[in-house]
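One line per chain: the protein sequences are A and B, in this order.
Here the first sequence stands for residues 101 to 261, where the numbers follow this note's numbering.
Here the second sequence stands for residues 101 to 261, where the numbers follow this note's numbering.
Please note: incorrect hints may appear among the correct ones.
Each pair may be met inside one copy or between any two copies, as identical chains are not told apart.
As the list claims (entries may be wrong) - Pairs of lysine-lysine, DSS-like flavour, derived with a Cα cap of 30 Å:
#1 Lys192 <-> Lys226
#2 Lys134 <-> Lys192
#3 Lys197 <-> Lys225
#4 Lys119 <-> Lys226
#5 Lys134 <-> Lys197
#6 Lys197 <-> Lys119
#7 Lys119 <-> Lys198
#8 Lys225 <-> Lys192
#9 Lys226 <-> Lys205
#10 Lys225 <-> Lys182
#11 Lys226 <-> Lys179
#12 Lys198 <-> Lys226
#13 Lys192 <-> Lys138
#14 Lys192 <-> Lys165
#15 Lys119 <-> Lys192
#16 Lys182 <-> Lys226
#17 Lys134 <-> Lys119
#18 Lys225 <-> Lys198
#19 Lys226 <-> Lys197
#20 Lys119 <-> Lys152
#21 Lys153 <-> Lys198
In short, the hints are calculated from the structure, not lab data.
Bear in mind the structure is a predicted one, so any value in this text is a computation, not a measurement.
2 protein chains.
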Amino acid sequence: MQYDFVNELGYLGLAVRLKRLSEAMVHSGRQMYKTLGKDIEPNWFLIFKLLKKYDQLSVTEMASKLHFSHPSVITMATKMEKAGYLNASADKNDSRKKNYTLSQKALDNLPGFEAIWDAGIEGTKKLFGEGSTFMDQLESLEILYSQKDFKTRTINELSNE
Amino acid sequence: MQYDFVNELGYLGLAVRLKRLSEAMVHSGRQMYKTLGKDIEPNWFLIFKLLKKYDQLSVTEMASKLHFSHPSVITMATKMEKAGYLNASADKNDSRKKNYTLSQKALDNLPGFEAIWDAGIEGTKKLFGEGSTFMDQLESLEILYSQKDFKTRTINELSNE
DNA sequence: TCATTTTATGTAGTCAACTACATAATTTTA
DNA sequence: TAAAATTATGTAGTTGACTACATAAAATGA
């Protein structure tokens, strides 16, 4: 890897590096689907997997399970519906709710998509190697950031001086 | 932490989790500056640190050292200039180049900012605990993603079946 | 030396997340 | 049971990264 000033900054550059890495992964994923001739986008696996598990979910239910804002879910779901992968229907008991299910096209294509996702998981597993604690540490980070955030921790450090 | 479907997906959800975590950090950083009454934005530390080390740099030089696109650097540097933290001047030998240096205001405020950044680093260090290999593993991930990307690795896995 | 290529900056438009606000339906409560 | 509060979806606008294109200056080379 060529010279990278951000890496020199250690923990200070952490947020920037996490974002860059994530963007690199998403970009690469988009290329992969293109190469394999699949007309889906990088984050759609979230909704495919959700609806595979829960059969039918509304916008808000998906947003809550994914920890995404509801407008983000609307954007994703609308695209997937236009691409023919989702069916939408109004809820019988609550006419505000819009329920989504997987379409026949989704069910037909899912095995192929899952083969790709499983291959991606295998590749990542190999990349980390045996006994990696990266995912555990990521989990800890997430928990700590949700409990007591960066701002609070830094301000505490400042007042300890 | 409440139920999170993305975490259930293991490595498949990695990119989403890295992005969310990064966004949470940036959001929290923004709040922190607000609380402490500092009129700077989360990523500005990159340019403060760069110009502290190199004194004078052009747009392209900064972009290359940070691995950012040059339009991103222009956006950041223009904001910092408007806030009075940077001075811009045309290069003597090459009139295309725009050189940036830290302003007097930047030099006056830098010690205060560095105290905040150092506190942030300390907080993060404590959070990881002794002997953490998280940053090393992040580095490996970055290197591996720059050498042979996700797409390539996944397609390799697919063809190994 | 002048035509071509490369480099530096700037501009426009895209993308995927977000917040804030709007509207309609449901639920709660006085 | 009617008013108030809450909930579900939708819309508009913001943000910070990006790519693609435009323009001007400098460097290269026939």
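Hints, one by one, checked against the model:
no., hint, verdict
1, Lys192 <-> Lys226, "neither (47 Å within a copy, 52 Å between copies)"
2, Lys134 <-> Lys192, "neither (39 Å within a copy, 46 Å between copies)"
3, Lys197 <-> Lys225, "neither (39 Å within a copy, 45 Å between copies)"
4, Lys119 <-> Lys226, "both (22 Å within a copy, 22 Å between copies)"
5, Lys134 <-> Lys197, "neither (34 Å within a copy, 38 Å between copies)"
6, Lys197 <-> Lys119, "between (34 Å within a copy, 29 Å between copies)"
7, Lys119 <-> Lys198, "between (32 Å within a copy, 28 Å between copies)"
8, Lys225 <-> Lys192, "neither (44 Å within a copy, 52 Å between copies)"
9, Lys226 <-> Lys205, "neither (32 Å within a copy, 49 Å between copies)"
10, Lys225 <-> Lys182, "neither (34 Å within a copy, 46 Å between copies)"
11, Lys226 <-> Lys179, "neither (33 Å within a copy, 43 Å between copies)"
12, Lys198 <-> Lys226, "neither (40 Å within a copy, 45 Å between copies)"
13, Lys192 <-> Lys138, "neither (34 Å within a copy, 52 Å between copies)"
14, Lys192 <-> Lys165, "within (22 Å within a copy, 57 Å between copies)"
15, Lys119 <-> Lys192, "neither (41 Å within a copy, 36 Å between copies)"
16, Lys182 <-> Lys226, "neither (36 Å within a copy, 47 Å between copies)"
17, Lys134 <-> Lys119, "both (23 Å within a copy, 22 Å between copies)"
18, Lys225 <-> Lys198, "neither (37 Å within a copy, 45 Å between copies)"
19, Lys226 <-> Lys197, "neither (42 Å within a copy, 45 Å between copies)"
20, Lys119 <-> Lys152, "both (29 Å within a copy, 24 Å between copies)"
21, Lys153 <-> Lys198, "within (18 Å within a copy, 55 Å between copies)"
Hint compliance for this structure: hints 1, 2, 3, 5, 8, 9, 10, 11, 12, 13, 15, 16, 18, 19 are broken, all remaining hints hold.
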